[in-house]
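A.B. asks: In case you want the letters, here they are:
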Amino acid sequence: MSLDQDLPLLSVKNLSHFYGQQLGCKNVNFDLYPGEVLAIVGESGSGKTTLLNCLSTQIIPTDGAVYYRNRKGQSDNLYEMNEAQQRILLRTDWGFVRQHPRDGLRMNVSAGANVGERLMALGDRHYGKIRDTALDWLEKVEIQADRIDDAPRTFSGGMQQRLQIARNLVTNPRLVFMDEPTGGLDVSVQARLLDLIRRLVSELGLSIIIVTHDLAVARLLSDRIMVMKDGEVIEQGLTDQVLDDPHQAYTQLLVSSILHVGS
Amino acid sequence: MSLDQLTNAAPAYNFAYLDEQTKRMIRRAILKGIAVPGYQVPFAAREMPMPYGWGTGGVQVTASVLGESDILKVIDQGADDTTNAVSIRNFFAKTANVELTTHTKEATVIQTRHRIPEEELQAHQTLVYQVPIPEPLRFLEPRETETRKMHALSEYGLIHVKLYEDIATHGHIATTYAYPVMVEGRYVMDPSPTPKFDNPKMHKSKALQLFGAGREKRIYALPPYTDVVSLDFEDHPFTIQEWPDTKCAMCGAEGVYFDEVILDDAGNNMFVCSDSDYCETRQSEGHLGPLNADYKERMQ
Chain A
1 MSLDQDLPLL SVKNLSHFYG QQLGCKNVNF DLYPGEVLAI VGESGSGKTT
51 LLNCLSTQII PTDGAVYYRN RKGQSDNLYE MNEAQQRILL RTDWGFVRQH
101 PRDGLRMNVS AGANVGERLM ALGDRHYGKI RDTALDWLEK VEIQADRIDD
151 APRTFSGGMQ QRLQIARNLV TNPRLVFMDE PTGGLDVSVQ ARLLDLIRRL
201 VSELGLSIII VTHDLAVARL LSDRIMVMKD GEVIEQGLTD QVLDDPHQAY
251 TQLLVSSILH VGS
Chain B
1 MSLDQLTNAA PAYNFAYLDE QTKRMIRRAI LKGIAVPGYQ VPFAAREMPM
51 PYGWGTGGVQ VTASVLGESD ILKVIDQGAD DTTNAVSIRN FFAKTANVEL
101 TTHTKEATVI QTRHRIPEEE LQAHQTLVYQ VPIPEPLRFL EPRETETRKM
151 HALSEYGLIH VKLYEDIATH GHIATTYAYP VMVEGRYVMD PSPTPKFDNP
201 KMHKSKALQL FGAGREKRIY ALPPYTDVVS LDFEDHPFTI QEWPDTKCAM
251 CGAEGVYFDE VILDDAGNNM FVCSDSDYCE TRQSEGHLGP LNADYKERMQ
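Residue numbers (the working numbering), protein chains in the order written: chain A, 1 to 263; chain B, 1 to 300.
These are computed hints drawn from the structure, not numbers from a lab. Backbone N, C-alpha and C define an ideal beta-carbon position, used for all residues, glycine too. Please note that a few of the clues may not be correct.
[To be verified] Pairs of lysine to aspartate or glutamate residues, derived as EDC-like cross-links and limited to a Cα-Cα distance of at most 16 Å, are as follows: (1) B:K196 / B:E141; (2) B:K105 / B:D70; (3) B:K217 / B:E47; (4) A:K129 / B:E234; (5) A:K129 / B:D235; (6) A:K129 / A:E142; (7) A:K26 / A:E232; (8) A:K13 / A:E80; (9) B:K149 / A:E83; (10) A:K26 / A:E80; (11) B:K105 / B:E280; (12) B:K162 / A:D149; (13) B:K204 / B:E184; (14) B:K204 / B:D227; (15) B:K23 / B:E47; (16) A:K26 / A:D230; (17) B:K206 / B:E280; (18) A:K129 / B:D232; (19) B:K162 / A:D150; (20) B:K94 / B:E68; (21) B:K162 / A:D124.
[Claimed, not checked] Counterexamples of contact, computed for chain B against chain A with all Cβ distances above 12 Å: (22) M25; (23) R28; (24) Q122; (25) K149; (26) S154; (27) H160; (28) K162; (29) T169; (30) R215; (31) H236; (32) E242; (33) G255; (34) Q283.
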């Protein structure tokens, strides 16, 4: 087990993606270790989401490889797997929390069914057990049990986002991708959501790759940070190090443009 | 040729309306469907001289499998004498000139809208279903590209989400028709809007079962003796509709699929067999229900 912890869960080698002539991201290299939270920051259009979509096999990149170490300890190139294997990974070993809950949830089926969907996809055929698991997870993400049969469209934005997290974590994934999970939420709701994510990460030992343009989110959640500009990674390192002592001019600009309220 | 001959000549239809090339194309789709049970085969459905929703898919399949010696029966909700059945039967009477029947036993091809006859089908018979929406995952996943991928990869978690929702809202699986089935452990199939009462009859049926969806341009099939299992949960197993203590008012049959007929505006009703041929056959054999005119006679 200790040996496993020392080996990267995800290993990204020279990843580049072009949309025709248009650059998406270029020459990205990094390793992600089990239990680690990596934040990818940068302005809009800097290639963060392209990178996340490549990593989660939603886009097949133009060049490069990503090795993922599965539960058996084998490291496979994601882009050499067939589509069936990729999709199985995406709904068992991985999670994907999207910026807009409507992209990540089924808005017209109940919260319970949203949480239970992955279990049923894995072959769970016992209604009572599926429901118990769903209730358990709703409690973990602080949604009242009596909302289990309500459709997510009747939920507030923060609740929808928490439901999305529950839906993704129900299969005990090892790696979760998050694309601006706090975008569009007001600050107090954001704070609660971040608290929740932090708690779940430490309880479950999740690895997370989180894309955000909000440096405060990055500082709160992540162990390591990667700054992107114009499709390239210009700076990476420990979060505190990068944010307290930014080397690149762009990172300095980014850090200095955070609004400070009060003293 | 004189003018009156030209104008009086009857319009020449090919046998069973469709031209031979079209039938060939449809038969190919049917054969592929039989080879891969439960798989929806796309085909180039033609415009038929009837509106979509009236069974254009079923009619094309019937037209393609019909031979001159076939005996055709058409039912609509189990009955031989309702609009859809009558119009399709007349259509084939005009264009194919095959023998027509209302007796399930005599028929070699039966086109049906949403019922399987009560009488067990035999190996020489073919049952043709009219299908409005062939995709069982459609209402949960609107994208065709995605549902095709889900079929290809056998990703069927979603269909149980629908059943889960039923139990969560109604306390039991409330889907009563178009009840999804698993075919040969591989493809999830929509058995067309037949009542779930008929699902068990599809399982290991001796007859060939063909499904045609005209608007959606899909054909699928169940070859004889195919495994057809209705999906369910371990703690909420599949059940069919039951009418305890109910007998057909006309023929006294029990354990069949019933139609409820409202008799007056005071709330009186009666239940009769939905399968009209089954009911008539029983009556001719002397089985009478309490509301049958002959029954009262016999009682006196």
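A.B. asks: Any of the earlier hints contradicted here, and which numbers?
C.D. replies: Of the numbered hints, 1, 6, 10, 17, 25, 26, 27, 28, 29, 31 do not hold.
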